[in-house]
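Protein chains: 2
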Amino acid sequence: VISPNGASGTRVIAVDAMGGDHAPLEILKGAIEANARGVSVVLVGQPRVIAPVLEQLNSRLPIVEAEAAIAMDEPVGLALRRERSSLRVAAGLVSSGDAHAVVSAGNSAAIMGIAYQAWKMLPGIDRPAFGGFLPARTGPVFVLDIGANTTVKPSHLVQFAVMGSVYVQLSQGTENPRLALLSNGTEDSKGTKEVKQANETLRKLDLNFLGNVEGNQVFEGIADVIVCDGFSGNILLKGAEGVVNEIFDMLRTELTKDLMSKVAGAALTPAFTRIKRRVDYEEYGGVPVLGVNEIMINCHGKSHAKAITNAILLADRMAKERLPQRIREALLEDTGDASRRRRLVRALHLSHE
Amino acid sequence: VISPNGASGTRVIAVDAMGGDHAPLEILKGAIEANARGVSVVLVGQPRVIAPVLEQLNSRLPIVEAEAAIAMDEPVGLALRRERSSLRVAAGLVSSGDAHAVVSAGNSAAIMGIAYQAWKMLPGIDRPAFGGFLPARTGPVFVLDIGANTTVKPSHLVQFAVMGSVYVQLSQGTENPRLALLSNGTEDSKGTKEVKQANETLRKLDLNFLGNVEGNQVFEGIADVIVCDGFSGNILLKGAEGVVNEIFDMLRTELTKDLMSKVAGAALTPAFTRIKRRVDYEEYGGVPVLGVNEIMINCHGKSHAKAITNAILLADRMAKERLPQRIREALLEDTGDASRRRRLVRALHLSHE
Numbered sequence: 026v027i028s029p030n031g032a033s034g035t036r037v038i039a040v041d042a043m044g045g046d047h048a049p050l051e052i053l054k055g056a057i058e059a060n061a062r063g064v065s066v067v068l069v070g071q072p073r074v075i076a077p078v079l080e081q082l083n084s085r086l087p088i089v090e091a092e093a094a095i096a097m098d099e100p101v102g103l104a105l106r107r108e109r110s111s112l113r114v115a116a117g118l119v120s121s122g123d124a125h126a127v128v129s130a131g132n133s134a135a136i137m138g139i140a141y142q143a144w145k146m147l148p149g150i151d152r153p154a155f156g157g158f159l160p161a162r163t164g165p166v167f168v169l170d171i172g173a174n175t176t177v178k179p180s181h182l183v184q185f186a187v188m189g190s191v192y193v194q195l196s197q198g199t200e201n202p203r204l205a206l207l208s209n210g211t212e213d214s215k216g217t218k219e220v221k222q223a224n225e226t227l228r229k230l231d232l233n234f235l236g237n238v239e240g241n242q243v244f245e246g247i248a249d250v251i252v253c254d255g256f257s258g259n260i261l262l263k264g265a266e267g268v269v270n271e272i273f274d275m276l277r278t279e280l281t282k283d284l285m286s287k288v289a290g291a292a293l294t295p296a297f298t299r300i301k302r303r304v305d306y307e308e309y310g311g312v313p314v315l316g317v318n319e320i321m322i323n324c325h326g327k328s329h330a331k332a333i334t335n336a337i338l339l340a341d342r343m344a345k346e347r348l349p350q351r352i353r354e355a356l357l358e359d360t361g362d363a364s365r366r367r368r369l370v371r372a373l374h375l376s377h378e
Numbered sequence: 026v027i028s029p030n031g032a033s034g035t036r037v038i039a040v041d042a043m044g045g046d047h048a049p050l051e052i053l054k055g056a057i058e059a060n061a062r063g064v065s066v067v068l069v070g071q072p073r074v075i076a077p078v079l080e081q082l083n084s085r086l087p088i089v090e091a092e093a094a095i096a097m098d099e100p101v102g103l104a105l106r107r108e109r110s111s112l113r114v115a116a117g118l119v120s121s122g123d124a125h126a127v128v129s130a131g132n133s134a135a136i137m138g139i140a141y142q143a144w145k146m147l148p149g150i151d152r153p154a155f156g157g158f159l160p161a162r163t164g165p166v167f168v169l170d171i172g173a174n175t176t177v178k179p180s181h182l183v184q185f186a187v188m189g190s191v192y193v194q195l196s197q198g199t200e201n202p203r204l205a206l207l208s209n210g211t212e213d214s215k216g217t218k219e220v221k222q223a224n225e226t227l228r229k230l231d232l233n234f235l236g237n238v239e240g241n242q243v244f245e246g247i248a249d250v251i252v253c254d255g256f257s258g259n260i261l262l263k264g265a266e267g268v269v270n271e272i273f274d275m276l277r278t279e280l281t282k283d284l285m286s287k288v289a290g291a292a293l294t295p296a297f298t299r300i301k302r303r304v305d306y307e308e309y310g311g312v313p314v315l316g317v318n319e320i321m322i323n324c325h326g327k328s329h330a331k332a333i334t335n336a337i338l339l340a341d342r343m344a345k346e347r348l349p350q351r352i353r354e355a356l357l358e359d360t361g362d363a364s365r366r367r368r369l370v371r372a373l374h375l376s377h378e
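Keeping their order, the protein sequence lines are chains A and B.
Here the first sequence stands for residues 26 to 378, numbered as in this note's numbering.
Here the second sequence stands for residues 26 to 378, numbered as in this note's numbering.
Hint data in this document are derived by calculation from the structure and do not stem from the laboratory.
Be careful, since some hints might not be right.
Pairs count within a copy or across copies, as identical chains cannot be separated in the list.
[Said to hold, decoys possible] Below, a list of computed lysine to any residue pairs in the SDA-like style, where the Cα atoms sit at most 20 Å apart:
(1) 215 - 85
(2) 54 - 80
(3) 331 - 279
(4) 327 - 62
(5) 221 - 100
If we strip away everything but chain A, and leave its shape as in the complex, we get:
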């Protein structure tokens, strides 16, 4: 049993110390900072790799031993067979009740696979999805799937919609979140076969479904939850990241062109910092794996300490709020409206329990 080392009560966050491009140093720094902010943390990984770095950093965070790290490009089938990988051991700590969430910057496919393997799916959900927040005019917009499922069936899109809607309601306190399907046109007739069928089903459910939206409307904040397959979601997200980087790069170039620009640019530094913060993924920390019975946060492989700290704080908030349990309850909730319940059951393949 791991004794809690933070102010967060009995909740413990298991951190995969071996995953990510900057593991273990940046992961440990991020974990130490989260712990300093009151969250109980346990590091999972190979002690001979972690312990020396931890000592350098003057920290005594507990280590749970694992035998191997999963490589960033390791095929998921292989990764799933390693019984003592840091990720697998971390997930096991949650299964046994010794920890309450996992944070990892490792191989995304393995993260998804291990969450599924160790914890199983929520009732009515067939596939796990990655959800993530994008900054829009009116505030953060939740997009899912952003990379777990390259191709999807219409029923998966419907499940993402229900799950995303419940997640945003619980995590952001948004009553009746506005929901939309990402498509190449706003008309119901636009989109892939899967989008069109999902649109038809969603129109029949008692969700706040707006219909299809295009990429630009996502950033206008037209909806609170944007549903798409993982291929399109990845393109939307990475494309946006690319545009933001290029615009800031152009600004840097423009603002050092002459003395006048340099002076003006210097005066605007706080403004640029505020904007940059709104669009910086490190501020969001990581994205939850949705659809499984426990909490797993996946950080960008390139994460530095700040992203790890923010991801651990997010995991702790989600654990405190018991989010998977509440999503489960919402999915199974009897609203008293029998026909609504029947439609949801049909859409989600839920059993009538």
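For this one, chain A is given, so just place chain B on it according to the hints.
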């Protein structure tokens, strides 16, 4: 026969005066400006709608009569059956040799359908595609398809690649353009079934094929030509448009927060204008329909005069360069390398002529 009214010699650009959200006023303004810059223009549409506006604008540009406009949301099947729509009449002028390109801000699906119906496909190309330039760090990047084909077969992606490569070589003068497939990961194993198969085929062709790229890499300028299905291309393009709009909106807000910011912001106006120009679709004018035997430029439905002028200038340049003919020649070109030719023929289903 239409007598040329510009300095561009015998080339005439047929402009659909009825298509677009701001037709006919903005279309006419744009056409008049392009004509003032030396391009011969003929307007196509209903004289009773166009003539009064043209008179207000003190212009005597020739009008070719058409009976109907195609509505922006008109089903393409219906639109294709109208024999005397402005778009159909404009395409007919090119078929008869009276004009050399068409520019329209109308219904994109109808534009694509009519170009296909009137002009047929280039040898070896099964489907027309919309290509468009996105601004990247190193200059414009050509992306296709950006909306014509919601779903594609692997062979279509390969054809887009060959066509895009030739187009960029001819229109930009880029020798041996760097080519990439848009995917949700850089590894060959990433992507939809279609992307994976297209990747495999492209690896075997003598093109400068880099492999898969992610959305952010598009804007880093890692490749000159980005190939994708029309659904993903639309999401990349519209998403980028949305991010640009939101960042400039945030800048506007930040730069009017206090006096210091206002003064600094005013000093930076020229810098912002330069950046805005690089990312503004109105500067690009419109996107060509690739794969057909003649030149059709599709403008954004929301186009104002400036976009129309730029689209007409683009159409005129393409006509001057005889681009479709040269793409055709490049597709049929005998490079003397028999095995390369065989691979291309196989990839494009070209007949051995």
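Going down the list of hints, with the structure as the test:
For the homomeric pair residue 215 and residue 85, neither the shortest alpha-carbon distance inside one copy (56 Å) nor that between copies (40 Å) is at most 20 Å. Proximity of residue 54 and residue 80 under a CA criterion of 20 Å is satisfied intra-copy only: 12 Å inside one chain copy versus 72 Å between copies. Taking the shortest alpha-carbon separations for residue 331 and residue 279, neither the intra-copy value of 29 Å nor the inter-copy value of 25 Å comes in at or below 20 Å. Taking the closest pair of Cα atoms, residue 327 and residue 62 never come within 20 Å of each other, the shortest separation being 23 Å inside a single copy and 50 Å across copies.
Taking identical chains as interchangeable, the C-alpha atoms of residue 221 and residue 100 lie at most 20 Å apart only when they sit on different chains, with a minimum of 16 Å there against 33 Å within one chain.
Going down the numbered hints, you'll see the structure goes against 1, 3, 4, while the others check out.
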